[in-house]
Amino acid sequence: MICADFVHIGMKAKIIITPKKAVLDPQGKTVQSALEHMGYSGIGSVHVGKYLEIEVSGDKETVRQQIDEACHKFLSNPVIEDYRLEIE
Amino acid sequence: MNFAVLQFPASNCDQDAVHVLRNVLGHSARLLWHKETSLGEADAVIIPGGFSYGDYLRTGAIARFSPVMQAVQTFAANGGPVLGICNGFQILCEAGMLPGVLIRNRSLQFRCEHVFIKTLTPDSPFTNQIPDGKLLRVPIAHGEGCYFADEETISKLKSNNQVLWQYVNAAGEITDDANPNGSLQNIAGICNDRRNVAGLMPHPERASEPLLGSADGKLIFESLIHSLQSKQVAKAA
Chain S
1 MICADFVHIG MKAKIIITPK KAVLDPQGKT VQSALEHMGY SGIGSVHVGK
51 YLEIEVSGDK ETVRQQIDEA CHKFLSNPVI EDYRLEIE
Chain B
1 MNFAVLQFPA SNCDQDAVHV LRNVLGHSAR LLWHKETSLG EADAVIIPGG
51 FSYGDYLRTG AIARFSPVMQ AVQTFAANGG PVLGICNGFQ ILCEAGMLPG
101 VLIRNRSLQF RCEHVFIKTL TPDSPFTNQI PDGKLLRVPI AHGEGCYFAD
151 EETISKLKSN NQVLWQYVNA AGEITDDANP NGSLQNIAGI CNDRRNVAGL
201 MPHPERASEP LLGSADGKLI FESLIHSLQS KQVAKAA
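In order, the protein sequence lines correspond to chains S and B. The letter at position 2 of the first sequence is residue 2 when you use the numbering used here, and the numbering goes up by one with no holes. The letter at position 75 of the second sequence is residue 75 when you use the numbering used here, and the numbering goes up by one with no holes.
Just so you know, not all the hints are guaranteed correct.
To be verified - Simulated pairs of lysine-lysine, DSSO-like, Cα-Cα distance not exceeding 27 Å: (1) S/K20 x B/K156; (2) B/K35 x S/K73; (3) S/K73 x S/K12; (4) B/K158 x B/K134; (5) B/K218 x B/K231; (6) B/K156 x S/K21; (7) B/K158 x B/K218; (8) S/K29 x S/K14; (9) S/K73 x S/K20; (10) B/K158 x S/K21; (11) S/K73 x B/K134; (12) B/K158 x S/K20; (13) S/K60 x S/K12.
If you're looking for bench data, these hints aren't it; they were derived computationally from the structure.
Using the sequences provided together with the hints, build the complete structure.
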């Protein structure tokens, strides 16, 4: 019998990293401006971030803790970025 | 004096730094590969400019975890002087050895030009030989040189005299036009609270010989040498 939570082959950590609101985001502003110039209406502010996918295996909770630590220490810079982590 | 100039994959201003220290200023300088774990006899460490690790993830984000950085952290904790230039400044911020962070230039353009910087205080190993009021004409070459930190940090940097250089115009005025990248308060370079670690975005190693258009950058290296020599004299006494 295989315990469903123990070995999850093919799990993916999905991480979305976004600039903090207080940080200048000239990329976002440029994209917003371009969308408006292209004629799209109702465009509000744009923020450009990053998306990472990391294939992981192991106990789901341990993996989550480890990736969360990696997000905080390395994958994002807490001075200027926020992140959201999902393990699927 | 012995200088260690770090070399990461894709550092590209390392040779220039060694050239200035060795050939222009007559001191001993060697390249130190990022995998080394010892600084040897180094009296000071220079972290040079470039695009370490291709600026992947964030500039300096990967270099800060290189084996040599552990030795640099220990060296700095013991009071050893460390100067980060451009990518070196970015690496020091990512490593938490300097507060704040360098983000994408406000204009989104890579800025490659000469700028003027004003030195705010002679009270540091990096500025003690810079005459009061003298503007330094030095080149910048960066796409991510906008200095950012939260209000509390900026306030502390200012009250603690940790802002070493600011971008100014030819008349020495701190204006928005003189700011090439959007850095808060026109900050071009800072030091830590112990004043032994500093970083700046402009390249003093590219402005240490009149042939290259300006020798103002040499004053920063001379300050470092002066500081080291004074310490040596003090120790011998």
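Hint-by-hint comparison with the structure:
A distance of roughly 21 Å separates the Cα atoms of S/K20 and B/K156; the hinted pair therefore holds under the 27 Å criterion. Between B/K35 and S/K73 the CA atoms are separated by roughly 21 Å; this keeps the pair inside 27 Å, and the hint holds. Annotation: proposed proximity of S/K73 to S/K12 holds, straight-line Cα distance about 19 Å (limit 27 Å). About 20 Å separates the Cα atoms of B/K158 and B/K134, which keeps this hinted pair within 27 Å; it holds.
At roughly 20 Å between alpha-carbon atoms, B/K218 and B/K231 fall within 27 Å of each other, so this suggested pair holds. For a cut-off of 27 Å, the pair hint linking B/K156 to S/K21 stands: about 22 Å separates their Cα positions. Straight-line distance between C-alpha atoms of B/K158 and B/K218 comes to about 25 Å, which keeps the hinted pair within the 27 Å bound. At roughly 26 Å between alpha-carbon atoms, S/K29 and S/K14 fall within 27 Å of each other, so this suggested pair holds.
Taking the CA atoms of S/K73 and S/K20, the gap is about 16 Å. The hint holds against a cut of 27 Å. Restraint check for B/K158 and S/K21: the C-alpha separation of about 24 Å stays at or below 27 Å, so the hint holds. A hinted pair counts as satisfied when its Cα atoms are at most 27 Å apart, and S/K73 with B/K134 does not qualify at roughly 40 Å. Restraint check for B/K158 and S/K20: satisfied, since their Cα atoms lie roughly 23 Å apart, inside the 27 Å limit.
Note on S/K60 and S/K12: the hinted pairing holds, with a Cα-Cα distance of about 10 Å set against a maximum of 27 Å.
The earlier numbered hint that this structure contradicts is number 11, and it is the only one.
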